[in-house]
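As given, the protein sequences belong to chains A and B, one line each in that order.
Residue 437, in the working numbering, is where the first sequence stops; the numbers in between run on with no holes.
Residue 437, in the working numbering, is where the second sequence stops; the numbers in between run on with no holes.
Accuracy of the hints is not assured; some may be wrong.
It does not matter which identical chain is meant; a pair holds if it fits inside one copy or across any two.
Unchecked claim - Calculated pairs, DSSO-like style, for lysine-lysine (alpha carbon to alpha carbon, straight line, at most 30 Å): (1) 151 / 223; (2) 33 / 223; (3) 33 / 145; (4) 151 / 33.
Just so you know, the hints here were simulated from the structure itself, not pulled from any lab data.
Protein chains: 2
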Amino acid sequence: MTARIVIVGAGFGGLEAARTLRGADAAITVIEKTNHHLFQPLLYQVATAGLAAPAIAAPVRHLFRHQDNVTTLLAEVTDVDATANEVRLSDGQVLPYDHLIVAAGATHSYFGRDDWARFAPGLKTLADAFEIRRRVLLAFEAAEKEADPAKRASWLTFVVIGGGPTGVEMAGTLAEIARDTLPGEFRRIDPAAARIVLLEGGPRVLQAMPESLSASAQGQLEKLGVEVRVAARVVGIDEQGLEVQPAGDAPRFRIGSHCVVWAAGVAASPLGRQIALATGAQTDRAGRVLVEPDLTVPGYPNISVIGDLAAASSYLAGHEPRPVPGVSPAAKQMGRAAAANVLRRLRGAPSQAFRYRDYGNLATIGRNSAVVDLSTPWRRIEFSGWPAWIFWLFAHIYFLIGFRNRLVVLIDWASAYWSRQRYARVVAALDPGMREG
Amino acid sequence: MTARIVIVGAGFGGLEAARTLRGADAAITVIEKTNHHLFQPLLYQVATAGLAAPAIAAPVRHLFRHQDNVTTLLAEVTDVDATANEVRLSDGQVLPYDHLIVAAGATHSYFGRDDWARFAPGLKTLADAFEIRRRVLLAFEAAEKEADPAKRASWLTFVVIGGGPTGVEMAGTLAEIARDTLPGEFRRIDPAAARIVLLEGGPRVLQAMPESLSASAQGQLEKLGVEVRVAARVVGIDEQGLEVQPAGDAPRFRIGSHCVVWAAGVAASPLGRQIALATGAQTDRAGRVLVEPDLTVPGYPNISVIGDLAAASSYLAGHEPRPVPGVSPAAKQMGRAAAANVLRRLRGAPSQAFRYRDYGNLATIGRNSAVVDLSTPWRRIEFSGWPAWIFWLFAHIYFLIGFRNRLVVLIDWASAYWSRQRYARVVAALDPGMREG
């Protein structure tokens, strides 16, 4: 009998799971709440006007057009009934499944301060990226019109909260916009005088990287003109700016800004807690579901949770299990592993434990600036600066889905590199309101 | 003394006026209420997911970065004080001028039925284009989810109101999306079965063209699968569809549709009536300001009105004055002429009457389909089909501003042509609300 497989989410994990099931005797339904798969590693380029949205987004159903066993559904899953083996959609529709793979991803977390969201948007969706692009570009416009020097300085102050890869990319690129792209275009302000601040609560940026690369990244940021403040915790955000508490005895201070970007906290999709309630599974502090070694939910061998929604471990014979990081290669690998386990189950074979292959870590900072921590079978290789940037560039273009997008992205970048211009400096609607939800 | 010149609007007319003043001893302020110049002839491509927005939009201040006598201001002009020689902005700021060139353009007109706007968006801004793209793509998604055949047929019915160039382009391209782009991607519906209706109140489509080309355009549309209904007047639009009154004795009929595009009426910017009030000038039925032969407002030689906001005539010695059509080449020519007259006035020379050079008319219908009516010094040349389409293609690429955009547009089109795919099938936010207020 044809197995009914439901996959929730068409991010890296869900997409890879469905692709792995190509050719299987299965009726697969991929449910995604937007109409597109998003190449999230480049979303910051859309937010900073370097790329147009279609360059990093492809319609989900287009990606599956040649895979006949997949039906794509634009819908949102509100809950999973693990007893009845059904998912319920927000329009009330109910979908039965024999196997369920949940890859609903993560969203931002404001650590209980959701009121900060209005003043400091995060970066997860295209709508988020458009909103940040709007704020950045309109801040320069407002500064050009402002006569009062103090107010003008506030408009020209940009703050990024969180020193992970997204925060580092955003801060570096904002500095480039101010120093390289905009000068010469304004008559009353000097965009190059803009202040870009990167705030990190922990002791260093890029904490997933070796310490030497964190130091290199901070140095490269500072060379671009970014003010990096580590061990600095944000304790308040409002329309006029934010309040920062440095570690130790240093007094609190205030930064006036109308353009603050949140790159600090990540929380699993609310579906994680719903699944935990329905199955008795545990969740971690970020709301991720603790899964078995084979990525299934304890007691429910027909429900897998993968990607950013899963608190998973990697198993290698003779080694301690290691937690799997929330990065896109891990999501892809989990998608492949979960789908392979579904195929094993369909033919009555036992499932296998997931093993994460760590190829390393890389982060870009700006033009010619990046850090790479490569994991090879022999040893780890660290490098930074221009070679790291070239490596980062080609790795990302390679992984962008579809030849069409790769070519256009390459042209956009080549052109941006030579001209120091940014292609997508367009604000479609001046008022906010484009953000989802 | 340096002359203060204010230009309202950075469409084709305003842009060309400012460029003509390059090198003049003038302090020029270009006021535009969006941050970009829009290549409007290709806006339908953004609405139909063929192009990304940045391919046809460039930041105004970027276009003037090398023209030192221009200051760009992102602002909206609310009124003109022709006695005090000042314009007032929506933020209360007041800007004095010695010469004023108003090129504020046009918007849609619903002929007094503004309540139809919600159900049948028009196509003038990028936000409009995103809204239409959203409705088109989500209609197919809704049809895929709809079990009831009658409701599904409504979702798969697309209606374009107005058989001018925009309506013809929209209808033709919608047919292509349904017949060429989407088939194979849905599992429950056949997108090729979608019904595309083009409604025109007058006796034929493309009424500005010779009759033979109207007939050819209608034939090409029908070949693409568009149902063309001329002499059919829309008398009602609501959430479920629209009510049509054919000419003569034929009874009214209803078309069920959730995706209706308004390409019927154009009205001048409200600034036209405000200027008329302030100066005693006349406006025509569309709200355009009746200008003198030199494009100035009667009695106000330091105020010019150009582009879609002007009801202007073309003067050629020995001929009757002829009305200037509302097309982009005319706007550009008026911009050049008005600026040249400002320069003449600055050196005390008399102004000259405007003469419109008519190079002809062209409209595209779809892949390989277009009509061209070329005006040469010797005779008019009419052609249609593939040669007309190639002509249209190169004419539009040539006129797109900036090498960068031309190249990307060419690649997007070449790729779309060969693959029959459309690049920009992305909906950033599923709810409406992206349209400008």
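Consistency of the hints with the structure:
For the homomeric pair residue 151 and residue 223, the shortest alpha-carbon distance inside one copy (26 Å) is at most 30 Å, but the shortest distance between copies (60 Å) is not. In the homo-oligomer, the alpha carbons of residue 33 and residue 223 never lie at most 30 Å apart, since the shortest distance is 41 Å inside one protomer and 36 Å across protomers. In this assembly of identical chains, residue 33 and residue 145 lie within 30 Å of each other by CA distance solely across copies; the values are 13 Å between and 40 Å within a copy. Proximity of residue 151 and residue 33 under a CA criterion of 30 Å is satisfied inter-copy only: 22 Å between copies versus 40 Å inside one chain copy.
In this structure, only the earlier hint numbered 2 is contradicted, and the remaining ones agree with it.
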